[in-house]
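As given, the protein sequences belong to chains A and B, one line each in that order. Each step along the first sequence adds one to the number in this note's numbering, with nothing skipped, and position 79 is 79. Each step along the second sequence adds one to the number in this note's numbering, with nothing skipped, and position 73 is 73.
Because the hints were derived from the structure by calculation, they are not lab data. The reader is advised that the hints may include incorrect statements.
To be verified - Across the chosen pairs, the derived CB separations fall in these ranges:
| # | chain 1 | residue 1 | chain 2 | residue 2 | range |
| --- | --- | --- | --- | --- | --- |
| 1 | B | Glu219 | A | Lys152 | 39 to 47 Å |
| 2 | A | Ala135 | B | Glu19 | 46 to 54 Å |
| 3 | B | Phe27 | A | Val237 | 56 to 64 Å |
| 4 | B | Asn65 | A | Thr10 | 24 to 32 Å |
Stated by the list, open to error - Reference excerpt, derived from the structure (chain A facing chain B, CB under 7 Å, subset only):
| # | residue |
| --- | --- |
| 5 | Leu58 |
| 6 | Ala61 |
| 7 | Lys126 |
Don't be surprised by glycine CBs; every beta carbon is placed ideally from N, CA and C.
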Amino acid sequence: MPYTAEISRTNPSCFLFLIDQSGSMQEPFGTSDGAPGGKTKAESLADAINRLLQNLVLKCAKSDGIRDYYHVGVIGYGGTGVGPAFGGALKDKEMVPVNEIANNPTRVEQRVKKIDDGAGGLVEQKIKFPVWFDAKGEGGTPMCTAFITATKLLTKWLAEHPNCFPPIVINISDGESSDMDPYEAAKELMNLSSTDGEVLLFNLHLSSSSEKAIEYPHDDENLPDDFSKLLFSMSSVLPEYMQKMLSGEGVPVTFATRGFVFNADLVSVIRFLDIGTRPANLR
Amino acid sequence: MRVTGKVFWMPKKGNSIEEYEDAAYPFECFDAEAPEFKCAVADGATETSFAGFWAALLCEGFAENFALKELRQTWNEAVRQKELPWYAEEKLEKGAYAALVGLHLKKGRGKKNPFIVEATGDCCIFHIRENQMLSCFPIERSEEFNNSPALICSHEFASVDAQMQRLTSKGDWKDGDTFFLLSDAIACWALRRQEEFQDLANVLQNIETQEDLIRLVDEERQLIMEDGRPSMKNDDVTVLCVTVCS
Numbered sequence: 001m002p003y004t005a006e007i008s009r010t011n012p013s014c015f016l017f018l019i020d021q022s023g024s025m026q027e028p029f030g031t032s033d034g035a036p037g038g039k040t041k042a043e044s045l046a047d048a049i050n051r052l053l054q055n056l057v058l059k060c061a062k063s064d065g066i067r068d069y070y071h072v073g074v075i076g077y078g079g080t081g082v083g084p085a086f087g088g089a090l091k092d093k094e095m096v097p098v099n100e101i102a103n104n105p106t107r108v109e110q111r112v113k114k115i116d117d118g119a120g121g122l123v124e125q126k127i128k129f130p131v132w133f134d135a136k137g138e139g140g141t142p143m144c145t146a147f148i149t150a151t152k153l154l155t156k157w158l159a160e161h162p163n164c165f166p167p168i169v170i171n172i173s174d175g176e177s178s179d180m181d182p183y184e185a186a187k188e189l190m191n192l193s194s195t196d197g198e199v200l201l202f203n204l205h206l207s208s209s210s211e212k213a214i215e216y217p218h219d220d221e222n223l224p225d226d227f228s229k230l231l232f233s234m235s236s237v238l239p240e241y242m243q244k245m246l247s248g249e250g251v252p253v254t255f256a257t258r259g260f261v262f263n264a265d266l267v268s269v270i271r272f273l274d275i276g277t278r279p280a281n282l283r
Numbered sequence: 001m002r003v004t005g006k007v008f009w010m011p012k013k014g015n016s017i018e019e020y021e022d023a024a025y026p027f028e029c030f031d032a033e034a035p036e037f038k039c040a041v042a043d044g045a046t047e048t049s050f051a052g053f054w055a056a057l058l059c060e061g062f063a064e065n066f067a068l069k070e071l072r073q074t075w076n077e078a079v080r081q082k083e084l085p086w087y088a089e090e091k092l093e094k095g096a097y098a099a100l101v102g103l104h105l106k107k108g109r110g111k112k113n114p115f116i117v118e119a120t121g122d123c124c125i126f127h128i129r130e131n132q133m134l135s136c137f138p139i140e141r142s143e144e145f146n147n148s149p150a151l152i153c154s155h156e157f158a159s160v161d162a163q164m165q166r167l168t169s170k171g172d173w174k175d176g177d178t179f180f181l182l183s184d185a186i187a188c189w190a191l192r193r194q195e196e197f198q199d200l201a202n203v204l205q206n207i208e209t210q211e212d213l214i215r216l217v218d219e220e221r222q223l224i225m226e227d228g229r230p231s232m233k234n235d236d237v238t239v240l241c242v243t244v245c246s
């Protein structure tokens with residue numbers, strides 16, 4: 001049965017993020033209420049990738065430090081080409097163990113979040129918020145080349161880790177590919193596999209559309225435009241165990257539910273990663 | 001009332017002894033003469049930080065009658081001793097979580113000798129008499145185990161505690177009865193043995209030494225079932241065996 005391989009330090013898995021840094025990402029990000037003055041798509045992308053990395057690090061954090069259950073790569077694609085997107089100490093690195101991500105954000109901001117005060121109210125709490133990526137966008141959208149680059153990188157990774165839990169690739173984009181139709185390149189990436197199953201490709205579509213957010217659809221009927229439909233068509237069907245977890249969280253699922261969200265949060269993917277007991281009442 | 005017991009444990013394969021996050025109290029073999037006796041096994045949740053320490057506090061707290069509030073205070077004071085990196089700080093804010101099963105044996109005044117069990121999460125207790133399983137608690141079927149039980153948190157958050165279910169069960173013990181308190185991986189495996197072969201009492205009673213446990217767990221972790229998963233999940237394993245006589 002696929003997608004059952006244990007994820008451990010001796011048999012790590014891998015996360016590869018593909019982030020759209022093209023000029024069209026400087027357009028406004030759509031809100032379902034159509035409210036003006038919001039973020040750009042590039043700012044929303046920076047929020048999304050920073051939150052995904054933060055949650056991935058926290059997943060692997062223990063009292064004695066970070067356990068390298070995952071290796072992580074981030075490939076940017078935009079006007080300056082396609083390649084590793086980290087800055088600072090991680091600059092030019094294609095794939096690094098998660099502890100290097102944890103210990104090398106470009107800065108750590110102090111933010112305030114509201115938490116349950118235990119008596120039915122909310123209190124403000126200062127938290128440290130790591131930032132690896134700032135908003136960036138210029139030039140074209142070589143998404144097809146990004147998939148080809150990802151395929152090369154993961155072919156190498158899978159040769160070195162043939163029995164790993166299959167790599168998860170998360171592509172964050174507005175879907176407006178400018179080099180070629182990325183469909184075939186994406187399919188080639190999804191055809192790569194370890195002995196435990198095929199590579200999973202999930203897409204987070206950031207759009208200027210004011211249509212309401214959509215999470216994990218099973219068909220493209222309600223998707224607002226051709227870009228959404230394209231990204232949906234090249235998103236993996238969720239493995240059965242992920243479908244069960246989503247269903248447990250009250251999200252309607254079918255056997256055709258895919259790893260695709262439209263103007264929504266994809267951090268739930270991190271919750272799906274099984275590295276051991278996760279308390280049901282963990283906040 | 002005389003209570004004798006043995007404790008065996010081993011960490012998840014690939015982890016060091018220092019990374020073991022289950023706990024038991026007592027944590028060594030024991031032979032006690034007392035009108036009542038309390039013991040416990042706990043399992044710290046992998047995804048949380050300082051979970052082994054929290055599990056150990058919960059076990060001791062149950063056996064020595066400390067209030068949960070006191071235990072939470074002890075945990076919080078102990079883990080906030082030094083400057084931490086951002087991820088460790090964030091993780092601390094989420095707290096540690098653990099499952100707990102505790103057994104309270106009493107010498108009765110009449111003919112009956114009562115026991116009370118408390119359980120939160122998926123650590124289990126099995127009551128054995130004359131080589132037969134009389135009861136298991138709080139989980140009765142192997143398919144009821146999953147990776148997301150509601151557990152006891154080191155922080156007091158209303159929303160967290162609301163989901164936590166502290167279950168209790170009562171019964172009577174007789175001379176020679178044995179209770180096995182197990183953390184989840186071996187408890188799930190034992191229940192499946194019972195469902196398939198009705199030999200849970202035998203397989204548990206055959207664990208007489210630490211070497212027996214290591215041999216059994218190594219074999220079952222390597223045995224792959226039809227669904228591709230190992231017969232026993234790779235996790236920390238703890239077995240606390242208690243035998244009681246009046």
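A quick look at each hint next to the structure:
| no. | hint | verdict |
| --- | --- | --- |
| 1 | B/Glu219 x A/Lys152: 39 to 47 Å | holds, 41 Å |
| 2 | A/Ala135 x B/Glu19: 46 to 54 Å | violated, 39 Å |
| 3 | B/Phe27 x A/Val237: 56 to 64 Å | violated, 47 Å |
| 4 | B/Asn65 x A/Thr10: 24 to 32 Å | violated, 42 Å |
| 5 | Leu58 | holds, 6 Å |
| 6 | Ala61 | holds, 4 Å |
| 7 | Lys126 | violated, 10 Å |
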